[in-house]
Amino acid sequence: MTEKPTMIAFQDVHKYYGDYHALRGITATIRAGEFFSLLGPSGCGKTTLLRTIAGFEGISSGAVMIDERNMAGVPANQRPTNMVFQSYAIFPHLTVGENVGFGLRKARLPKAELAAKVAEALEMVGLGGYGDRAAHALSGGQRQRVALARALILKPKVLLLDEPLSALDKKMREQMQVELIRLQRQVGITFILVTHDQEEALVMSDRIAVMFEGEIAQLADPETLYRRPNSRKVADFIGTMNFLPAKILSEVGDKIEIEAQGFGQLTLEAEQAPGAVSGDGAVVGFRPETLTILFEGQTATDRESMAVIEEVVYYGDMTYYDVKLDGTERPIRISMRNVFGRPVLEIGDRTRVAWSPGALVMFR
Amino acid sequence: MSAGQRWRNWRQTEAANGLLMVSPTVIYAILMLAAPLGTILLYSFLTDGYLQIIREFTIANYVEAWTNELYRTVMIRSLGVSMTVTLVTVLLAFPIAYFVSFHVEASKKSMWLFLITIPFWTSYLIRVFLWKVILGYNGVVNSSLLGIGVIDQPLDFILYNVNSVVITLAHAYAPFAILPIFVALEKIDRSLLEAGQDLGETKFRTFLRVTLPLAMPGVIASVLIVFIPTIGDYVTPQLVGGPEGRMVANLIQLQYLKLDNYPLGSAIAVSAMAIVTLVSVIFVGLNRRYLKGPK
Amino acid sequence: MMKGGWFKVYAIGYLLFLYAPIIILPMFAFNDATVIAFPLSGFSTRWFSAMLEEPTLRIAVKNSLFIAVTSSVLATTLGIFAARASTRYRFPMKTGLMGLIMLPLVLPEIIVAVSLLVVLLGLGVNLSLWTVILGHVLICTPFTIAILSSAFQSLDQSLEEAAYDLGESAASTFRLIILPLVMPGIISSLLISFTISLDEFIIAFFLAGTEPTLPVYIFSQFRFPAAVPVIMALGTVLVCLSILLLTIAEYFRRRGIAKSGGKDTGGFL
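Residue numbers (our numbering), protein chains in the order written: chain A, 1 to 364; chain B, 1 to 295; chain C, 1 to 269.
Among the hints, erroneous ones may be present.
[What the hints assert, rightly or not] With beta-carbon atoms standing in for the labels, derived distance ranges:
no.: 1; chain 1: B; residue 1: L192; chain 2: A; residue 2: R133; range: 34 to 44 Å
no.: 2; chain 1: B; residue 1: K187; chain 2: C; residue 2: Y10; range: 19 to 29 Å
no.: 3; chain 1: B; residue 1: L145; chain 2: C; residue 2: Y10; range: 22 to 32 Å
no.: 4; chain 1: B; residue 1: K187; chain 2: A; residue 2: R133; range: 46 to 56 Å
no.: 5; chain 1: A; residue 1: Y20; chain 2: B; residue 2: L41; range: 21 to 31 Å
no.: 6; chain 1: C; residue 1: G5; chain 2: B; residue 2: G200; range: 52 to 62 Å
[Said to hold, decoys possible] Straight-line Cα separation of at most 20 Å, SDA-like style, residue types lysine to any residue; simulated pairs:
no.: 7; chain 1: B; residue 1: K109; chain 2: C; residue 2: F174
no.: 8; chain 1: A; residue 1: K233; chain 2: A; residue 2: P288
no.: 9; chain 1: A; residue 1: K106; chain 2: C; residue 2: F174
Simulated from the structure, these hints should not be mistaken for laboratory data. Note that beta-carbon positions come from the ideal geometry of N, C-alpha and C, so glycine has one too.
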């Protein structure tokens, strides 16, 4: 796939609120046409960063570039971006149609043309015919669509979304996730989403920037973030990860010999151990689905360990087993898809666990 | 960075914008309130001359205000009336605030509040005058009581003394007293009360141990809202108080408009304000523990 | 529920106590007698006609209306500035400054009246309707701020940002978004200030000089027993007017809440 051109570039962006260092040297690029997410816990700076793109927050040093143009001194109402706010910010005293057409006021279009554009925008978000409804009588999901239509009708280069799904219930959220992906593909512009929900980011994004405390910890596509997190913090934040103590025995070239509790001695590639992890106090991390419980008659394709079942959590399509590998002190979680006809194990059962060194990542 | 640039940077900040936006009102308040208040404070320390004020510093005015028999009586009476009115008004107000908060359904609450506050928005002068008419020697109360034969002589203790002042003021300030208590009661989390019941308490105990303490900030506000203005009320004592019912405001008016003695009038005014502030501070201080916690 | 029952009885009784004097007004305004006492003498509207013929009354009404309208406009304007500043910005000495502005709420009016009098006379300013306006604006502004603060408070800040984001300027945002949404609060402020000013006695008494205002006129009539029934008639008119204005204010307050889809928390305060 050819590299798409850069739409947004952050060049060593710092921001201070008084003494508080909110953004600490953000350097990153966002490509045109990407669905990009800023992911992180509350207070990590993701919304602040989003607002520096929109122009609602200034920066203390560095540069924010949109489409190769430095945005310093460009006020929010002149930037080629539009925003969907967390509260949707639908003007309550206007109708849906007036809300959607609000940004086109300055263009002074003839009435027929304006009405046509508004109708088209409403169709696109699935609210065709809602033009004359009072804005304050809408449900949360409908308000969000109005906010989207209102922003997209102006054909901005970048659409900014500030935690757009956090106010919706689970079913609505899942529905809107699919909607947003479809919309982005249809419209083809850059979407930048801020969220604290890692599942949401993984589902919708082409690339994700994981942020902690004002810095970008890792910027990658969802699969890389999931399989090869570059630090324990990122690993812990995305999905569930098990950790067991481990120790480096020796390093030769780009192969690392380690000893890990429950796994014994094994060899890792250099890329599986990001950052320097010499000495004690290191851990190996692995996802629940990368270990397999071996039932009667099954054999391991790579390595095998023994374990005792401590807890069984049945979820319908999945069963989660908390098992304690021999030689370890704390249980780890393994997720198994339920296969029709196969028994569910019980607490206290001893079982064989299959695993592969390639699934492990090592951190300080 | 040049001074000009620094100014422009500061000018952009929230603080600058806020101060600028609030400035017209603040300037007005300083010119019309702070400065004049300061002036009467100043005047209270000057000497009264015939037709003018002599710029000579003195505390004679305060001495006069505090030692003169009449002034002292009036001041103490004003305090007494105010406290009585406050006590009566707040005590009577609490049940009604409680009623509207706990026994009226949500959709009807604003209607009740509306009904309660309407009398407040009608002319105060007229209302005081109406009480004069009601309580007078030939007034409504007397003529009705005489008419139905409960008394054979008109009552003469209900007008032109402290009693009428108290009744009239209690009536005038009733809505003032109800609203803060109502607001405080509304804020009480109903599930707290249900929890008490769930644990086996009687309704009355729940009231004493949970509702009342939580309503105290409202009660305290209510007390202050009634106490502070009533002590300085002019119209009611003037119209229905008679010679025995004169209060501090009448005294001040006398000094200023009739006797032209601004320094003495100022001294009385400042003393009255000082006493009011002192009493209020003591009151709030004594009830400190109710004001702690989330507002 | 028994408890609710007793409370209701008390509440009705309390309301009767509150309304008692006011009910008397129309009773004796239409009463064909010069003495305010029972029994009633029969229906008559002569006191209303007498009231309409009073020349001083007409001047007093005109003056009071002028003062009330001007004061309410000025107080609301000052209130808009202060309420917007207080709800939207943080700035140094905010508590102190706002405290100063709201101080008239806890000051007895006589203190306000005499202090203004002293300063104005000291500056050699002639007492007139305008000096009364100065005093009325001072005491009305805290009320307008209370009302307008609540109106600005319920204004979602992201609405303003959304308007900018969609290309509007600060001025057009204010005109198109903020003003319409705060309008019910503005109207309430105007009406409340108007009512307060119309009825205010003591500041007018001290600061009006030779021009009569309505309350001052009423006060001067109290000395004459013969004038009492006319005052009753006047009082009836004033009470009806106040109730009307209040109902309108309440209607606008509710409509404002409905238009922006908020919840009614009951009352101005």
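Hints, one by one, checked against the model:
The hinted range of 34 to 44 Å is satisfied by L192 (chain B) and R133 (chain A), whose Cβ atoms lie roughly 40 Å apart. The hint said 19 to 29 Å for the Cβ distance between K187 (chain B) and Y10 (chain C), and at roughly 23 Å that hint holds. Taken as a hint, the range 22 to 32 Å holds for the pair L145 (chain B) and Y10 (chain C), whose Cβ atoms sit roughly 24 Å apart. Between K187 (chain B) and R133 (chain A) the beta carbon distance is about 35 Å. The supplied range of 46 to 56 Å is therefore violated.
For the pair Y20 (chain A) and L41 (chain B), the supplied restraint of 21 to 31 Å is violated, since their beta-carbon distance comes to about 43 Å. At about 25 Å, the CB distance of G5 (chain C) to G200 (chain B) disagrees with the hint of 52 to 62 Å. For the hint pairing K109 (chain B) with F174 (chain C), the CA-to-CA distance comes to about 33 Å; that exceeds 20 Å, so the pair is violated. For the given pair, K233 (chain A) sits about 17 Å from P288 (chain A) by alpha-carbon distance, which is consistent with the 20 Å threshold.
At most 20 Å may separate the alpha-carbon atoms for a hinted pair to count; K106 (chain A) and F174 (chain C) meet this at roughly 15 Å.
Going through the hint list in order, the structure does not satisfy hints 4, 5, 6, 7.
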